[in-house]
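Chain by chain, the residues run as shown.
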Amino acid sequence: MEILMEAFRSLGKDKVRTFLSMLGIVIGVIAVIVAIAIGAGTTKNVTARISSLGSNVIIVTPGFSGGFGGRTAAALTNVLQETDVQNIQNMAPDVADVTPILQKSFNVIYQATNTVVSVFGAYPDAFSILDLPIQYGRLITTKDEQNYANVAVIGNTIATTLFGNQNPVGQTVYITTGSFQVPFTIIGELQETGSKLTFNPDNMLMIPYTTASVKLIQLNGGVSQILASAKSANTALDAASEINNILYMRLQNANQYRLISQNQILSTVSQTTDVLTLLLASIAAISMVVGGIGIMNIMLVSVTERTKEIGVKMAMGATRRRIMAEFLVESMFITIVAGAIGVGFSFLIAMIVTYLASGLGLTVIITWPSIVLSFGVSVAIGLFFGLYPAYMASKKSPVEALRYE
Amino acid sequence: MALLELRNVKKIYDMGRDIQVEALKGVSFSIEEGSYTAIMGHSGSGKSTLLQIMGCLDRATDGDIIINGTAVKNMNDFQLARFRNKTIGFVFQSFNLIGNLSALENIELPMIYAGVPRVERRKRAMELLRIVGLEEPEERGHHRPNQLSGGQQQRVAIARALANDPAVILADEPTGNLAVNQWRRILDIFKKLNESGKTIIIVTHDPLVGEEATRTITLEDGSIVNDERTR
Chain A
1 MEILMEAFRS
11 LGKDKVRTFL
21 SMLGIVIGVI
31 AVIVAIAIGA
41 GTTKNVTARI
51 SSLGSNVIIV
61 TPGFSGGFGG
71 RTAAALTNVL
81 QETDVQNIQN
91 MAPDVADVTP
101 ILQKSFNVIY
111 QATNTVVSVF
121 GAYPDAFSIL
131 DLPIQYGRLI
141 TTKDEQNYAN
151 VAVIGNTIAT
161 TLFGNQNPVG
171 QTVYITTGSF
181 QVPFTIIGEL
191 QETGSKLTFN
201 PDNMLMIPYT
211 TASVKLIQLN
221 GGVSQILASA
231 KSANTALDAA
241 SEINNILYMR
251 LQNANQYRLI
261 SQNQILSTVS
271 QTTDVLTLLL
281 ASIAAISMVV
291 GGIGIMNIML
301 VSVTERTKEI
311 GVKMAMGATR
321 RRIMAEFLVE
331 SMFITIVAGA
341 IGVGFSFLIA
351 MIVTYLASGL
361 GLTVIITWPS
371 IVLSFGVSVA
381 IGLFFGLYPA
391 YMASKKSPVE
401 ALRYE
Chain B
406 MALLELRNVK
416 KIYDMGRDIQ
426 VEALKGVSFS
436 IEEGSYTAIM
446 GHSGSGKSTL
456 LQIMGCLDRA
466 TDGDIIINGT
476 AVKNMNDFQL
486 ARFRNKTIGF
496 VFQSFNLIGN
506 LSALENIELP
516 MIYAGVPRVE
526 RRKRAMELLR
536 IVGLEEPEER
546 GHHRPNQLSG
556 GQQQRVAIAR
566 ALANDPAVIL
576 ADEPTGNLAV
586 NQWRRILDIF
596 KKLNESGKTI
606 IIVTHDPLVG
616 EEATRTITLE
626 DGSIVNDERT
636 R
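Chains as they are written, first to last, in the numbering used here: chain A, 1 to 405; chain B, 406 to 636.
If you are wondering where the hints come from, they were derived from the structure by calculation, not from laboratory data. For glycine and all other residues, C-beta sits at the position ideal for the given N, C-alpha and C. There may be inaccurate statements among the hints.
Far from chain A, some chain B residues (derived; all Cβ distances over 12 angstroms) [unchecked claim]:
{"id": "1", "residue": "468"}
{"id": "2", "residue": "471"}
{"id": "3", "residue": "478"}
{"id": "4", "residue": "528"}
{"id": "5", "residue": "565"}
{"id": "6", "residue": "577"}
{"id": "7", "residue": "615"}
{"id": "8", "residue": "630"}
DSSO-like mimics (lysine-lysine), calculated; alpha carbons at most 27 angstroms apart, straight line [unchecked claim]:
{"id": "9", "chain 1": "B", "residue 1": "597", "chain 2": "B", "residue 2": "528"}
{"id": "10", "chain 1": "A", "residue 1": "395", "chain 2": "A", "residue 2": "308"}
{"id": "11", "chain 1": "B", "residue 1": "430", "chain 2": "B", "residue 2": "478"}
{"id": "12", "chain 1": "A", "residue 1": "231", "chain 2": "A", "residue 2": "44"}
{"id": "13", "chain 1": "A", "residue 1": "196", "chain 2": "A", "residue 2": "44"}
{"id": "14", "chain 1": "A", "residue 1": "308", "chain 2": "B", "residue 2": "478"}
{"id": "15", "chain 1": "A", "residue 1": "395", "chain 2": "A", "residue 2": "143"}
{"id": "16", "chain 1": "B", "residue 1": "478", "chain 2": "B", "residue 2": "491"}
{"id": "17", "chain 1": "A", "residue 1": "396", "chain 2": "B", "residue 2": "478"}
{"id": "18", "chain 1": "B", "residue 1": "491", "chain 2": "A", "residue 2": "308"}
{"id": "19", "chain 1": "A", "residue 1": "396", "chain 2": "B", "residue 2": "415"}
{"id": "20", "chain 1": "B", "residue 1": "491", "chain 2": "B", "residue 2": "415"}
{"id": "21", "chain 1": "A", "residue 1": "395", "chain 2": "B", "residue 2": "491"}
{"id": "22", "chain 1": "B", "residue 1": "430", "chain 2": "B", "residue 2": "528"}
{"id": "23", "chain 1": "A", "residue 1": "15", "chain 2": "A", "residue 2": "308"}
{"id": "24", "chain 1": "A", "residue 1": "395", "chain 2": "B", "residue 2": "415"}
{"id": "25", "chain 1": "A", "residue 1": "104", "chain 2": "A", "residue 2": "196"}
{"id": "26", "chain 1": "B", "residue 1": "430", "chain 2": "B", "residue 2": "415"}
{"id": "27", "chain 1": "B", "residue 1": "528", "chain 2": "B", "residue 2": "478"}
{"id": "28", "chain 1": "B", "residue 1": "491", "chain 2": "A", "residue 2": "396"}
{"id": "29", "chain 1": "A", "residue 1": "143", "chain 2": "A", "residue 2": "215"}
{"id": "30", "chain 1": "A", "residue 1": "395", "chain 2": "B", "residue 2": "478"}
{"id": "31", "chain 1": "A", "residue 1": "104", "chain 2": "A", "residue 2": "143"}
{"id": "32", "chain 1": "B", "residue 1": "528", "chain 2": "B", "residue 2": "415"}
Far from chain B, some chain A residues (derived; all Cβ distances over 10 angstroms) [what the hints assert, rightly or not]:
{"id": "33", "residue": "276"}
{"id": "34", "residue": "317"}
{"id": "35", "residue": "350"}
{"id": "36", "residue": "397"}
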């Protein structure tokens with residue numbers, strides 16, 4: 001108790017110096033906590049975006065060929081076939097719905113406006129798999145599918161581009177393919193959904209699969225992608241491996257296709273953000289170490305300045321252990337207070353960052369472990385970097401220390 | 406009975422490059438309990454070295470020191486610190502009060518090291534301030550050393566030396582930094598303490614200070630050249 005009071009007094013004697021020696025640790029603690037908070041916030045944002053896909057969705061895309069020796073990787077074409085879709089439908093017990101997808105960009109014209117749109121031909125099941133809610137009109141039905149109907153459901157963003165504020169339902173748009181213009185009647189408009197992993201429904205024009213395969217995207221039985229949903233989130237892994245087995249049986253090469261599921265992407269993303277967070281935090285941690293060296297420097301100066309005092313205390317009967325403890329308590333006092341100030345300020349900084357970056361969609365989440373970690377590290381730094389000066393103080397010879405002026 | 410006994414104490418300083426300085430060349434004497442001794446000598450005579458060795462701040466190169474029945478020679482640093490704390494009270498020429506502690510806290514310092522409880526410490530510190538005659542102790546006790554005069558500081562320092570009721574008070578030129586009117590008072594305190602039974606050893610080069618003692622040991626060039634009872 002007396003040691004604490006004494007440490008408080010002697011630190012209070014030179015407030016500027018004490019403040020400056022705290023600064024390194026304060027900044028370090030803030031940096032560590034905010035870095036981890038930004039990492040946690042980013043992870044949460046990205047996770048939320050990925051989760052928008054739905055935890056039971058599985059996407060099959062063709063694999064890539066090449067990509068070695070400086071050549072650009074190109075998506076394989078004609079790998080996935082309609083027969084694969086049928087096989088999955090028949091042979092994968094954990095798959096609820098499955099649809100082939102034909103996807104390609106086309107120029108779409110409405111009156112005097114035209115824009116490039118991703119046309120998306122799929123079974124009506126696609127709407128339920130991707131969880132796409134309708135805003136106006138209706139969705140594509142099995143009947144449209146059977147009739148090769150020239151009908152389309154339009155994404156929110158394109159609807160605005162082509163129609164402005166007008167209700168697009170019932171209007172006709174023209175899709176340009178080669179020298180032909182194929183008319184499509186808009187039967188519905190989707191609600192704004194935001195990006196769903198590899199799809200962005202806001203920028204899509206969705207048409208029946210049959211219509212797409214006959215009139216726009218002829219791949220001779222090939223499909224761009226396959227979209228499937230597992231019966232539940234719990235069976236998503238099983239469903240994925242069933243699909244994998246079915247595709248492997250026919251293709252005999254796992255590089256020809258890729259399976260994308262939310263769980264798999266999430267784990268990749270969390271690994272990536274974890275590495276990034278670790279990187280940020282370790283850069284920040286360096287500033288704490290630098291702060292620690294600053295404290296050691298100050299403490300060494302302090303030990304030299306107070307040589308006489310150390311001599312007097314030794315003459316009064318202070319043991320070496322006691323002298324050591326006094327200086328150690330001082331350096332730890334500095335880092336504990338600095339750590340606490342740092343934790344306090346990191347909340348302020350986090351608020352400022354959140355405010356400034358609100359437009360960027362950056363979220364800052366301060367986590368308990370980061371507080372405990374950075375505070376703990378700052379205390380440990382006080383102990384570690386205080387040890388040497390304290391040892392130097394305790395090793396002084398009382399006679400020489402007393403003679404020091 | 407002898408409170409403090411030195412037997413053929415030598416101190417050789419190794420200055421490096423094979424240069425050795427023999428500060429004490431075999432000093433022997435004993436100090437009786439309740440005595441008042443002055444150790445006199447010019448600077449360089451070895452009196453400061455002698456004080457450091459008697460005060461257990463430094464170790465003798467050779468010879469035995471027995472204080473209060475305890476041989477100091479084989480003690481480790483920890484034991485020496487404890488021994489200084491309980492047995493020896495130091496008074497320095499330049500007072501050596503700790504600047505950021507109040508007068509009372511300075512007096513409490515040796516008691517903190519001895520583990521005396523807080524309330525008791527404060528009570529004893531107050532009592533000691535009265536013994537050394539600090540004016541208005543309730544108020545001045547809370548002053549920092551730099552708010553006190555030299556004489557007041559030295560009285561606080563004496564109170565600090567008395568804190569753990571040590572067997573012997575070792576004073577190193579206690580009046581050296583004081584104005585004439587002040588040093589008289591300091592010497593009176595030592596005298597009064599001695600009359601109440603404290604053993605006092607004063608190291609000085611000033612014959613006027615030496616006159617106060619009942620015994621004078623004179624050192625020259627590391628050896629005792631004179632040892633007489635003056636009263």
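Evaluated hints:
1. No Cβ of chain A comes within 12 angstroms of the Cβ of residue 468 of chain B; the nearest lies about 17 angstroms off, and the non-interface call holds.
2. Every beta carbon of chain A lies more than 12 angstroms from that of residue 471 of chain B, the smallest distance being close to 19 angstroms; the non-interface claim holds.
3. No Cβ of chain A comes within 12 angstroms of the Cβ of residue 478 of chain B; the nearest lies about 17 angstroms off, and the non-interface call holds.
4. A cut-off of 12 angstroms between C-beta atoms confirms that residue 528 of chain B is not in contact with chain A; the least separation is 16 angstroms.
5. Separation of residue 565 of chain B from chain A is inadequate, the least Cβ-Cβ distance of about 7 angstroms not exceeding the 12 angstroms criterion.
6. Distance check on residue 577 of chain B: its Cβ comes as close as 9 angstroms (rounded) to a Cβ of chain A, failing to clear the 12 angstroms threshold; non-interface status is violated.
7. Every CB of chain A lies more than 12 angstroms from the CB of residue 615 of chain B, the least distance being 23 angstroms, so the non-interface label holds.
8. Annotated as non-interface, residue 630 of chain B keeps its C-beta farther than 12 angstroms from every C-beta of chain A; the closest such distance is 24 angstroms.
9. For the proposed pair residue 597 of chain B and residue 528 of chain B, the alpha carbon gap of about 21 angstroms is at most 27 angstroms, so the pair holds.
10. Distance restraint check for residue 395 of chain A and residue 308 of chain A: the Cα-Cα separation of roughly 13 angstroms lies within the 27 angstroms cut-off, and the hinted pair is therefore satisfied.
11. In summary, the hint linking residue 430 of chain B to residue 478 of chain B is supported, as the alpha carbons are separated by about 17 angstroms, within the 27 angstroms threshold.
12. Restraint check: the Cα-Cα separation between residue 231 of chain A and residue 44 of chain A comes to about 26 angstroms, which is no more than 27 angstroms; the hinted pair holds.
13. Between residue 196 of chain A and residue 44 of chain A the alpha-carbon distance is near 16 angstroms, which keeps this suggested pair within the 27 angstroms criterion.
14. For the hint linking residue 308 of chain A to residue 478 of chain B, the alpha-carbon distance of about 25 angstroms falls within 27 angstroms, and the restraint holds.
15. Between residue 395 of chain A and residue 143 of chain A the CA atoms are separated by roughly 93 angstroms; this puts the pair beyond 27 angstroms, and the hint is violated.
16. Annotation: proposed proximity of residue 478 of chain B to residue 491 of chain B holds, straight-line Cα distance about 17 angstroms (limit 27 angstroms).
17. At most 27 angstroms may separate the alpha-carbon atoms for a hinted pair to count; residue 396 of chain A and residue 478 of chain B meet this at roughly 20 angstroms.
18. Our distance criterion of 27 angstroms between C-alpha atoms is met by residue 491 of chain B and residue 308 of chain A, whose separation comes to about 21 angstroms.
19. As the CA atoms of residue 396 of chain A and residue 415 of chain B are separated by approximately 22 angstroms, the hinted pair is consistent with the 27 angstroms bound.
20. Taking the CA atoms of residue 491 of chain B and residue 415 of chain B, the gap is near 25 angstroms; set against the 27 angstroms cutoff, the hint holds.
21. Proposed proximity of residue 395 of chain A and residue 491 of chain B is supported: the alpha carbons are some 21 angstroms apart, at most 27 angstroms.
22. Distance restraint check for residue 430 of chain B and residue 528 of chain B: the Cα-Cα separation of roughly 45 angstroms exceeds the 27 angstroms cut-off, and the hinted pair is therefore not satisfied.
23. For the proposed pair residue 15 of chain A and residue 308 of chain A, the alpha carbon gap of about 21 angstroms is at most 27 angstroms, so the pair holds.
24. Between the alpha carbons of residue 395 of chain A and residue 415 of chain B the distance comes to roughly 24 angstroms, so the proposed pair stays at or under 27 angstroms and holds.
25. Taken as a hint, the residue 104 of chain A and residue 196 of chain A pair is honoured in the structure, with Cα atoms around 17 angstroms apart against an allowance of 27 angstroms.
26. Proximity of residue 430 of chain B to residue 415 of chain B is assessed by CA-CA distance (about 5 angstroms); at most 27 angstroms being required, the pair is judged to hold.
27. Distance check on the hinted pair: residue 528 of chain B and residue 478 of chain B sit about 35 angstroms apart at the alpha-carbon level, beyond 27 angstroms; violated.
28. Of the pairs offered as hints, the one joining residue 491 of chain B and residue 396 of chain A holds, with about 21 angstroms between alpha carbons and a cut-off of 27 angstroms not exceeded.
29. For a cut-off of 27 angstroms, the pair hint linking residue 143 of chain A to residue 215 of chain A stands: about 17 angstroms separates their Cα positions.
30. Straight-line distance between C-alpha atoms of residue 395 of chain A and residue 478 of chain B comes to about 20 angstroms, which keeps the hinted pair within the 27 angstroms bound.
31. With a C-alpha separation of about 23 angstroms, the suggested pairing of residue 104 of chain A with residue 143 of chain A holds against the 27 angstroms cut-off.
32. Restraint check: the Cα-Cα separation between residue 528 of chain B and residue 415 of chain B comes to about 42 angstroms, which exceeds 27 angstroms; the hinted pair is violated.
33. The beta carbon of residue 276 of chain A is kept farther than 10 angstroms from every beta carbon of chain B, the shortest such distance being approximately 47 angstroms.
34. Here residue 317 of chain A does not stay apart from chain B, with its beta-carbon only about 2 angstroms from theirs, under the 10 angstroms limit.
35. Annotated as non-interface, residue 350 of chain A keeps its C-beta farther than 10 angstroms from every C-beta of chain B; the closest such distance is 38 angstroms.
36. Not every Cβ of chain B is farther than 10 angstroms from the Cβ of residue 397 of chain A; the closest lies at roughly 8 angstroms, contradicting the non-interface assignment.
In this structure, the hints that do not hold are numbers 5, 6, 15, 22, 27, 32, 34, 36, in rising order.
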